[in-house]
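Respectively, the protein sequence lines represent chains A and B.
Final position of the first sequence in our numbering is 303; the numbers increase by one with none missing.
Final position of the second sequence in our numbering is 303; the numbers increase by one with none missing.
Hints in this document: simulated from the structure, not taken from any laboratory.
Don't take each hint at face value.
Pairwise CB distance ranges, derived in the manner of DEER restraints [what the hints assert, rightly or not]:
# : chain 1 : residue 1 : chain 2 : residue 2 : range
1 : B       : 18        : A       : 93        : 56 to 66 Å
2 : B       : 203       : A       : 297       : 19 to 29 Å
3 : A       : 93        : B       : 1         : 32 to 42 Å
SDA-like, lysine to any residue: derived pairs with alpha carbons at most 25 Å apart [unchecked claim]:
#  : chain 1 : residue 1 : chain 2 : residue 2
4  : B       : 202       : A       : 294
5  : B       : 202       : A       : 76
6  : A       : 227       : B       : 298
7  : B       : 202       : A       : 225
8  : A       : 227       : B       : 172
9  : A       : 189       : B       : 298
10 : A       : 76        : A       : 40
11 : A       : 196       : A       : 176
12 : B       : 227       : A       : 172
Every residue gets a Cβ at the ideal spot worked out from N, C-alpha and C, and that includes glycine.
Protein chains: 2
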Amino acid sequence: MPVLTVGSIAIDDIKTQTEEWSGLLGGSASYASVSASFFDRVNLVGIVGSDFPKQHIDLLQEREIDLRGLQIADGKTFHWAGQYEADMNRRRTLLTELNVFETFTPNLPEAYRTTPIILLGNISPSLQIHVLNQVESPEFVVADTMDLWITTARSELLELLKRVDLLVLNDSEARQLTEDDNLVRAGRKILDLGPKYVAIKKGEHGCLLLSRNEFFSCGAYPVEQLKDPTGAGDTFAGGLTGYLASLRRPVPTFADLKRAIVHGSMLASFCVESFSLERLKSLSRIELDQRYAFFRAMSHFDD
Amino acid sequence: MPVLTVGSIAIDDIKTQTEEWSGLLGGSASYASVSASFFDRVNLVGIVGSDFPKQHIDLLQEREIDLRGLQIADGKTFHWAGQYEADMNRRRTLLTELNVFETFTPNLPEAYRTTPIILLGNISPSLQIHVLNQVESPEFVVADTMDLWITTARSELLELLKRVDLLVLNDSEARQLTEDDNLVRAGRKILDLGPKYVAIKKGEHGCLLLSRNEFFSCGAYPVEQLKDPTGAGDTFAGGLTGYLASLRRPVPTFADLKRAIVHGSMLASFCVESFSLERLKSLSRIELDQRYAFFRAMSHFDD
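Start from the sequences and build out the full structure, keeping to the hints where you can.
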């Protein structure tokens with residue numbers, strides 16, 4: 001079943017302690033749609049400026065991502081620059097120029113309106129709701145969010161959560177949203193806000209998945225050559241949503257969601273091994289399946 | 001097969017943000033031997049003073065721990081006092097009185113010298129070597145250590161590591177010992193120092209187990225009512241060693257070690273639910289097995 005992904009598409013400039021790159025393809029929708037494309041068809045919704053490089057379009061097309069929902073507007077593409085510290089969990093934003101993204105209204109092409117599986121990437125909750133309102137009868141809705149919206153658009157976010165099946169957010173955001181330091185309790189409080197499932201990302205410590213009655217703790221693949229963590233969360237969300245879509249079941253089971261989480265996590269582990277989408281571009285399904293098998297062996301203890 | 005455990009036996013005074021207790025049974029050998037006793041016979045080696053309360057002896061005896069190696073010396077028992085911050089990962093030592101522990105020479109009773117499975121709890125590496133020298137032909141040796149010995153007794157520790165099958169230490173200690181921030185690389189460097197296996201504890205984030213060719217990432221049981229983290233590491237080491245002993249195989253497989261790590265981790269998760277050994281005292285084998293089954297379900301994703 002196809003997946004609809006909406007989010008930002010950006011040109012990134014990234015500095016780490018050892019490398020510096022500019023003009024990279026970035027943004028939540030870019031990472032998420034390429035990641036989801038490993039499993040099923042993807043309908044992308046986003047906006048870029050007239051300066052958007054053809055090579056980035058080419059990359060999305062090579063992944064067979066449907067670009068009918070990609071608006072190309074007069075002006076410049078969203079531009080972000082950031083710098084990572086030696087501890088790559090810490091980064092500083094050097095520049096954020098929203099450009100054409102500032103007035104983005106995600107209107108879906110007619111052909112997208114029956115997409116069954118929806119990934120609402122990290123954009124404002126009111127835009128996420130706007131997208132959802134255009135989908136005829138979504139079967140499973142995944143949403144990502146961030147600290148900014150928890151602070152500045154809390155009521156819209158709470159409105160959105162009533163219509164979301166799986167909310168994905170990181171540990172500090174879960175604590176911020178619920179004002180509870182204990183992640184399991186925080187997760188339960190999030191379920192009380194509407195979602196059937198919540199995935200709480202803990203970076204290098206893996207992630208938790210909760211439903212009302214079930215619990216999954218997913219470790220992290222031990223990445224040895226971490227080059228650039230940008231987009232790891234979006235890649236995770238895209239991969240897990242794409243995997244769910246590929247199951248062709250309107251109502252996934254908790255076991256389906258566990259495996260989806262692991263697939264998303266494996267894709268994220270590849271993503272961070274290089275800058276931008278470089279590693280995902282060269283990744284084969286065989287490499288992905290091998291890493292999944294390795295991860296299974298390192299996580300299971302009683303087969 | 002019996003397990004020999006050696007380490008400290010202490011009287012602890014512990015303050016948390018909500019409670020304050022004094023005169024508690026503490027020390028690495030107390031936690032480790034009670035934990036190991038869930039699986040097999042335990043030969044305890046340690047020292048206490050003439051002030052040591054009878055109720056603490058009674059507890060050890062109720063667990064059928066062999067106390068022929070427990071020295072009762074004139075003077076006072078090792079006394080430790082500590083205070084936990086709101087973030088229980090942080091604690092302050094308020095008092096350390098070594099007392100009779102200061103001149104402890106762990107001499108094994110004749111009957112202990114053929115014990116096949118050895119747990120060298122956290123005491124100085126030269127005392128750990130002294131114990132090992134008295135064992136006739138140990139089949140599997142587990143050792144714990146701490147930052148103090150890495151700094152002050154590095155050469156003795158390196159000497160010990162050549163004779164250890166499994167080293168257990170925490171993440172900061174692994175980084176300190178190897179001067180490598182990446183835990184997987186740090187683990188491999190520790191294997192180069194002698195041990196066949198290394199278990200790196202990451203507190204609430206679980207632990208890693210490495211051999212030269214295999215890798216296991218163990219999550220942590222989501223403890224909701226953390227009361228007192230004291231002794232969690234010793235309980236973990238004792239539980240895993242006791243479980244290995246109960247398998248009655250001189251050479252455990254990596255799969256055995258995985259399950260041993262999980263059993264140790266489950267015991268540690270019970271330990272921190274109350275002060276001192278209170279929770280372990282009341283713990284039944286059925287409760288332990290139920291938690292193991294829950295943990296299996298929350299960790300496996302592809303059965």
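Hints versus structure:
no., hint, result
1, 18(B) - 93(A): 56 to 66 Å, "40 Å, violated"
2, 203(B) - 297(A): 19 to 29 Å, "24 Å, holds"
3, 93(A) - 1(B): 32 to 42 Å, "58 Å, violated"
4, 202(B) - 294(A), "21 Å, holds"
5, 202(B) - 76(A), "45 Å, violated"
6, 227(A) - 298(B), "30 Å, violated"
7, 202(B) - 225(A), "20 Å, holds"
8, 227(A) - 172(B), "23 Å, holds"
9, 189(A) - 298(B), "19 Å, holds"
10, 76(A) - 40(A), "30 Å, violated"
11, 196(A) - 176(A), "20 Å, holds"
12, 227(B) - 172(A), "23 Å, holds"
Violated hints, listed in ascending order, are 1, 3, 5, 6, 10; each of the other numbered hints is respected by the structure.
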